[in-house]
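Q: Residues per chain, in single letters:
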Amino acid sequence: MIIKIIGSILVFSASSFLGYVLSKDCTRRPFELRMLQSQLQIFENEIAFLSNLLADAFKKVYRSSNCSVSVFFIETEQKLIQNIGLNASEAWESAVRENLKKTSLNKEDEEILVSFGKLLGNSDVEGQIKNIRLTLSQLKLQEQKAEEFKKKNEKMFKTLGVLGGLAIVIILM
Amino acid sequence: MTTKDKTDIIDIGLRNLESDIIRFISQEIREIILSIRADRLRFIEEIRLRADKPLMLHNYLDDWFIDKRGNLTKEIEDLYFVKQDEINKTLELMSGNSIYAYQEEIKSGYLTLKGGHRVGVTGKAVLDGEYIKNIKDISGLNIRISREICGCANNLMTYILKNREEVFNTLIISPPQCGKTTMLRDIARSVSDGIEEFSFKGIKVGIVDERSEIAACHKGVAQNKVGVRTDVLDGCPKALGMVIMLRSMSPKVIVTDEIGNQGDKDAVMRVINAGIKIISTAHGYNISELKSRQEVLSLINEKVFERYIVLSNHDGPGTLEEVVDGTTMRVIFKRQ
Numbered sequence: 001m002i003i004k005i006i007g008s009i010l011v012f013s014a015s016s017f018l019g020y021v022l023s024k025d026c027t028r029r030p031f032e033l034r035m036l037q038s039q040l041q042i043f044e045n046e047i048a049f050l051s052n053l054l055a056d057a058f059k060k061v062y063r064s065s066n067c068s069v070s071v072f073f074i075e076t077e078q079k080l081i082q083n084i085g086l087n088a089s090e091a092w093e094s095a096v097r098e099n100l101k102k103t104s105l106n107k108e109d110e111e112i113l114v115s116f117g118k119l120l121g122n123s124d125v126e127g128q129i130k131n132i133r134l135t136l137s138q139l140k141l142q143e144q145k146a147e148e149f150k151k152k153n154e155k156m157f158k159t160l161g162v163l164g165g166l167a168i169v170i171i172l173m
Numbered sequence: 001m002t003t004k005d006k007t008d009i010i011d012i013g014l015r016n017l018e019s020d021i022i023r024f025i026s027q028e029i030r031e032i033i034l035s036i037r038a039d040r041l042r043f044i045e046e047i048r049l050r051a052d053k054p055l056m057l058h059n060y061l062d063d064w065f066i067d068k069r070g071n072l073t074k075e076i077e078d079l080y081f082v083k084q085d086e087i088n089k090t091l092e093l094m095s096g097n098s099i100y101a102y103q104e105e106i107k108s109g110y111l112t113l114k115g116g117h118r119v120g121v122t123g124k125a126v127l128d129g130e131y132i133k134n135i136k137d138i139s140g141l142n143i144r145i146s147r148e149i150c151g152c153a154n155n156l157m158t159y160i161l162k163n164r165e166e167v168f169n170t171l172i173i174s175p176p177q178c179g180k181t182t183m184l185r186d187i188a189r190s191v192s193d194g195i196e197e198f199s200f201k202g203i204k205v206g207i208v209d210e211r212s213e214i215a216a217c218h219k220g221v222a223q224n225k226v227g228v229r230t231d232v233l234d235g236c237p238k239a240l241g242m243v244i245m246l247r248s249m250s251p252k253v254i255v256t257d258e259i260g261n262q263g264d265k266d267a268v269m270r271v272i273n274a275g276i277k278i279i280s281t282a283h284g285y286n287i288s289e290l291k292s293r294q295e296v297l298s299l300i301n302e303k304v305f306e307r308y309i310v311l312s313n314h315d316g317p318g319t320l321e322e323v324v325d326g327t328t329m330r331v332i333f334k335r336q
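Each protein sequence line maps, in turn, to chains S and H. According to this note's numbering, the first sequence holds residues 1 to 173 in order. According to this note's numbering, the second sequence holds residues 1 to 336 in order.
Treat the hints with care, as some may be off.
List time: in silico BS3-like cross-link candidates among lysine-lysine, alpha-carbon distance up to 27 Å [unchecked claim]: (1) H:K89 - S:K79; (2) S:K59 - H:K114; (3) S:K107 - S:K140; (4) S:K130 - H:K107; (5) H:K83 - H:K107; (6) S:K60 - H:K89; (7) H:K252 - H:K303; (8) S:K79 - H:K219; (9) S:K107 - S:K118; (10) S:K118 - H:K265; (11) H:K303 - H:K162; (12) H:K107 - H:K89; (13) S:K130 - H:K136; (14) H:K265 - H:K291; (15) H:K133 - S:K130.
To be clear, the hints were calculated from the coordinates, so they are not data collected in a lab. Predicted, not measured: the structure shown is a model, and the values here were computed from it.
One chain only, chain S, in its complex shape:
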């Protein structure tokens, strides 16, 4: 009997936890997308107005805000400094791909970021700004989608976790 009770508690808490994590992810993603947009704005200022080098600009972006997505910027900067043979687009791509797991961003977001990297650094200021603007508008769309998804699913995941856990417990009892 005791084993049964312990088992059900375990099942229940695991399932609730899962629901909680999923709903947390739902809220984190729009937040991260917003942060990315504001960081790209800072980056735009860095290169359009101050005409800073890529590595310096990225470092400043990283310093200006500290959240899970700033890791892309600082990682790229590190890669550029450490490995002189790497060009900007390669460094950015690998930084995004390696660190995506640390964030709540999904596959689609990843592709947008990687394609942003393709033009990084290798055109004039206007070209850079166009590239940043394009990425910003794409991220904005992603944010809207993520926001809707969050509205629909945030509560659902939580309740589903709790209720689902309960249901399993009841059935197994």
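Given the coordinates of chain S, work out where chain H should sit on it, guided by the hints.
A: Just chain H now, kept in the frame of chain S:
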């Protein structure tokens, strides 16, 4: 300048050669240059990368091909041919992956590395009306090694100083690669720091450094020794920069490189009329050759400059050829 001094001084430059320049050259060429014997690199002045042409190096003696093992040679065998890809990669590395930050410079056909080394760029120009918008398909890079030689202008100073607190308006005339900019930098340093020998106390100097060659600013801070009383306006067009200096920094002397473009004369006249001295340089082999250039000729006719100093390459870069008094056109010094 004695030979011993020269070796000492240039060795200091060699240590920076790797960190300032060679690390930005694409992998394969970098390795070849690093395999050149150190003593051969000592008096290096230029490294030239041309697409599908052999890698070349100039020192003060002559120009040399570099073969695949890093030997300097005159033979046309076993040479290392530069590929266009390598030139592109080099440019990418030199700009810190940030072509946009160097766009204005590339448009004018060069970019300046940390340390003040100028890299000339050729390729196909992309036009926007009459103006160059960009240079694409880069086919040639000329890396010019800039050297800071403190004290190289010491024997010039007697001709430049007017009294304890003033200098003459001076124009340094020299062909390329004869140490014009190096001289100018050292003059700026001496004038700004003061010279005990002549009991000349330092005065305020404003450097307008259009191509970042004199002070070699990195992130706005001068990397070369340009003196304690010196303000540097980096990357600013000369004519504009001189006026800004004049208005805001109250210098006693304005130092700027390579005058002679349209609009320079007006700016120079404004500086002179404000009672500020000017020290500058011009491309040329002698004074009469300068007179063929309209903008400079009118400056000469107005007797703006009180001293003309002509340099040559005769006994190595920076050989003092002659010194002429600009007001009377009397020759003060002539190399024997």
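Q: With a cut-off of 27 Å on the C-alpha distance, tell me whether H:K265 and H:K291 pass.
A: Holds - the C-alpha atoms of H:K291 and H:K265 are around 14 Å apart, at most 27 Å.
Q: Measure nothing beyond the straight line between the CA atoms of S:K107 and S:K118; if it is 27 Å or shorter, mark the hint as holding.
A: holds (17 Å)
Q: Are the Cα atoms of S:K79 and H:K219 separated by 27 Å or less?
A: Given pair S:K79, H:K219 holds - Cα atoms ~21 Å apart, limit 27 Å.
Q: Would the pair S:K130 and H:K107 pass a check requiring their Cα atoms to be no farther apart than 27 Å?
A: Holds - the C-alpha atoms of H:K107 and S:K130 are around 20 Å apart, at most 27 Å.
Q: Quick one, are S:K60 and H:K89 close enough, alpha carbons at most 27 Å?
A: Distance ~26 Å between S:K60 and H:K89 Cα, so the pair holds.
Q: Between H:K89 and S:K79, is the straight-line Cα distance small enough, at 27 Å or below?
A: holds (17 Å)
Q: Straight-line Cα separation of H:K133 and S:K130 no greater than 27 Å?
A: Roughly 17 Å separates the two Cα atoms, so the pair holds.
Q: Starting from H:K107, check that the Cα of H:K89 is at most 27 Å away, please.
A: holds (18 Å)
Q: Below or equal to 27 Å on CA atoms is what counts here, so check S:K59 against H:K114.
A: Distance ~19 Å between S:K59 and H:K114 Cα, so the pair holds.
Q: Are S:K107 and S:K140 close enough, with their CA atoms no more than 27 Å apart?
A: holds (16 Å)
Q: Between S:K130 and H:K136, does the CA-CA distance stay at or below 27 Å?
A: Holds, at roughly 20 Å.
Q: Does the alpha-carbon distance linking H:K83 and H:K107 stay inside the 27 Å limit?
A: Since the Cα atoms of H:K83 and H:K107 sit roughly 22 Å apart, the hinted pair holds (cutoff 27 Å).
Hint compliance for this structure: hint 10 is the single one not met.
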